[in-house]
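Dock chain to chain to rebuild the complex, using the hints, since each chain is given by itself in its own frame.
From first to last, the protein sequence lines stand for chains A and B. Mapping of the first sequence onto our numbering: residues 553 to 741, in sequence order. Mapping of the second sequence onto our numbering: residues 17 to 271, in sequence order.
No lab work stands behind these hints, which were simulated from the structure alone. All clues given are correct.
With a cut-off of at most 25 Å between alpha-carbon atoms, the simulated BS3-like pairs for lysine-lysine come out as follows:
| # | chain 1 | residue 1 | chain 2 | residue 2 |
| --- | --- | --- | --- | --- |
| 1 | B | Lys74 | B | Lys153 |
| 2 | A | Lys738 | A | Lys695 |
| 3 | B | Lys38 | A | Lys627 |
| 4 | B | Lys25 | A | Lys573 |
| 5 | A | Lys623 | B | Lys48 |
Computed, partial: chain B to chain A, Cβ under 8 Å:
| # | residue |
| --- | --- |
| 6 | Ile19 |
| 7 | Phe24 |
| 8 | Lys25 |
| 9 | Glu31 |
| 10 | Ile32 |
| 11 | Leu40 |
| 12 | Pro41 |
| 13 | Gly42 |
| 14 | Phe45 |
| 15 | Tyr123 |
| 16 | Ser126 |
Every residue gets a Cβ at the ideal spot worked out from N, C-alpha and C, and that includes glycine.
Residue-level listing of the chains:
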Amino acid sequence: MANLYDQNGIPDASLVQAALKKSDDFVFLLNRYQEPIARFVARLNNYSLEDNEDLLQQIWLKVYLNLNSYKPEKKFSSWLYAIARNQTISYHRKRQTRAEGHQQSLEDLVGSQLAAALNLEEDLHLRLEQDRVKEALKTIKPKFREILILSFLEEKNYQEISEILKKPTGTVASLLNRAKKSLREKLEL
Amino acid sequence: MEINPQKFKNNVIQEIKEKNLKPLPGWFFVLKNILLWILGILAVLAGGLTLAGASFIKPFAVWQEASSMETSPIFFLINSLPLIWVLAMIAFTLLAYSHIKKTENGYRFSPLLILILIVVATLTTGGVMQAAGIDEKVDDVLSHNLPQYETIINPNVRFWSDPQAGRLWGKAISPEENGYQKFLDAKQKVWKVKADNSDRPLPVGETIKLKGEKKNNDTFHYKTSAPGGAGKGFLDRPHHDQAQGRGQGRGQHNQ
Numbered sequence: 553m554a555n556l557y558d559q560n561g562i563p564d565a566s567l568v569q570a571a572l573k574k575s576d577d578f579v580f581l582l583n584r585y586q587e588p589i590a591r592f593v594a595r596l597n598n599y600s601l602e603d604n605e606d607l608l609q610q611i612w613l614k615v616y617l618n619l620n621s622y623k624p625e626k627k628f629s630s631w632l633y634a635i636a637r638n639q640t641i642s643y644h645r646k647r648q649t650r651a652e653g654h655q656q657s658l659e660d661l662v663g664s665q666l667a668a669a670l671n672l673e674e675d676l677h678l679r680l681e682q683d684r685v686k687e688a689l690k691t692i693k694p695k696f697r698e699i700l701i702l703s704f705l706e707e708k709n710y711q712e713i714s715e716i717l718k719k720p721t722g723t724v725a726s727l728l729n730r731a732k733k734s735l736r737e738k739l740e741l
Numbered sequence: 017m018e019i020n021p022q023k024f025k026n027n028v029i030q031e032i033k034e035k036n037l038k039p040l041p042g043w044f045f046v047l048k049n050i051l052l053w054i055l056g057i058l059a060v061l062a063g064g065l066t067l068a069g070a071s072f073i074k075p076f077a078v079w080q081e082a083s084s085m086e087t088s089p090i091f092f093l094i095n096s097l098p099l100i101w102v103l104a105m106i107a108f109t110l111l112a113y114s115h116i117k118k119t120e121n122g123y124r125f126s127p128l129l130i131l132i133l134i135v136v137a138t139l140t141t142g143g144v145m146q147a148a149g150i151d152e153k154v155d156d157v158l159s160h161n162l163p164q165y166e167t168i169i170n171p172n173v174r175f176w177s178d179p180q181a182g183r184l185w186g187k188a189i190s191p192e193e194n195g196y197q198k199f200l201d202a203k204q205k206v207w208k209v210k211a212d213n214s215d216r217p218l219p220v221g222e223t224i225k226l227k228g229e230k231k232n233n234d235t236f237h238y239k240t241s242a243p244g245g246a247g248k249g250f251l252d253r254p255h256h257d258q259a260q261g262r263g264q265g266r267g268q269h270n271q
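Pulled out of the complex, with its shape left as it was, chain B reads as follows (with noise of 0.2 Å):
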């Protein structure tokens, strides 16, 4: 027995009055098109955006760091692979080809011509984005609000925070006195720091990391500093201001 034509045509006819349907109207069709292709733009400048604040954040620079130091080796995995921007990276690429791979006429070229194009796309969105500045934005939103921020996202700040192991990460929040400047960590603790050879002072409220010793708990030694990167954000936050009035009174103490 098969479907009898005549009655199916009339049954599909009837069911259109029935219900009073109309076409879709062709608007609907050249805005679900248009909407793709925004959909798919935004994923790639979100995608620029991650590898601009990714370069200046430069989450990947802990591996050489910590290589080139004694660390233990879970240490050195828990803080040499922020996820977090690869993920974001593979996510918003797959975003962007997905939207891109349903537009009217995306389905006619090659998965991998696409990715490839996607790629080139946020690589130069990239670029742009880090010579227009936006790279230090990036950052400067992400260091100011983001919980976790010096584990996922600029481990760098973790791995550096550590007096214990003779790393120091912060601001110098005093000009030189008596030798000693005042250094606010990441964990909101002000420090006296000082300078094993006779270096210049450090430069007040630019992030830096000092490699030295601990000499008691609030003393800090250093032998080497250098520019600690991304991440000025993290220590303005309003509980830092905080522990800079706390932490002057502590540093006159120990004077």
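This is chain A alone, in the form it adopts within the complex (with noise of 0.2 Å):
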């Protein structure tokens, strides 16, 4: 087997295959996903830092139990999205509130990536229609936030997202547009 600690270039399925050998080397993916999915949670929710971690933890524990379920033949980021997606579903139910604590603030990426989808990059006061386009993200529906962030932040085309939302890519096509609809609505745009 090749040495997985140099883990450049080896397939996730191969790290899979690896994790379902020895509970050990479930590190490994990890490693490479931790931080990705991380920032992917971090941005569908208002949560603190501390229930952040917690769900996280959840979302990984639920990946290893459910490592069997991937398919070689299929992304293993999408999988793994999905997993984490529908955790971060779960455990909003299970709350029913959203924490107030210290929460995290959507990083500046989000809103110069969206002030770009939407058009706005002509817009003289760029760096204002950014923490615009940030605050209305907040308020529009959890449904059209996540699409966005699936589509602009975390860069997943229609197929990926069709994986990850278990919808039709024509369904992911037009909530995407109903997403972006949205958001101009709220920027009053």
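Printed below as a string of structure tokens:
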């Protein structure tokens, strides 16, 4: 077997197989995806750092338990993001309310990328618009927010979003258009 | 302050070991997917069965019949919409849809396409069941056992069981004698029925609906008769056998 300590170029499927054989080797999947998943989950909700950490722990345990459901012919990241998303929804339902506490703010990247997506780059007050975009993002429906995040921030294509949200690609396209429209309306454009 | 990645990863691995967690076996997910398909198919079969039953029982026929007669609007409304059939079809369709949508590849197809396929499959299944005579068996079971059969399942029975309004539903239980036949109705009562015209006698044992006039407490003269349709089992329920025994005595007395 290839040296798993050097993970560059090792396919996700191989890391999955290694984790199935030995639980310690699950760390290689964590190494590869812990940060992007943490960022994705933080973008989806308004939880405090502690709650996000708790949620992420649950997500990764769920990933471990469900490793045998992953099909190598499919993209591992889509499978992983789907679990992260579903677990976030379950976590939110169990909590019923959104935690106050020390909330993480959306990073500047959110504002600029979405502003670009909405063709705001020609606006003279671009920085102001980025902040407005970030605020507007918090107020639109969760299903719109998550698809905007997946498309523009996580840079997932339609096929990947379809696998993550478990919706047909046609629905994804329609949902994305409605999400952009909703954000524009919030921005009163 | 951000999550410490190294500490986080260590916590996850530690928890896996402490709780001795193991990945669920592959066959579990295969079985889950198969189960979803089975449940979806069962829902389609149930929908087909409902359709076959409805096509035999014709619960909506009362719409046409009631509208051609003088009935009160309330009576018409109560009798004319057998909601149970509509609700059952909707429920089975939605059940099939929700199970199939959750299968491994079910999400790829548009909701409309899945619904269309389910409806087509249900229609086909219903047609096959009808051709195989299962529709009548469905009615036999329902009419023999289900309480409120005559109201929620087959409202034709209740609509036609109104002697005051000149409608009678049931079956002839004796051959013609002196122009009269004994007739068992849906309410366990035995009537003496007679044709106003010189019509041939009613066939014994089949469900029939009569249109005519109630002459007295147990005599009914009819102008027209027609097949009574579904509900044979309703008249074969145990209490109806007892009524037949009581009816014979009454019939002889009135003659």
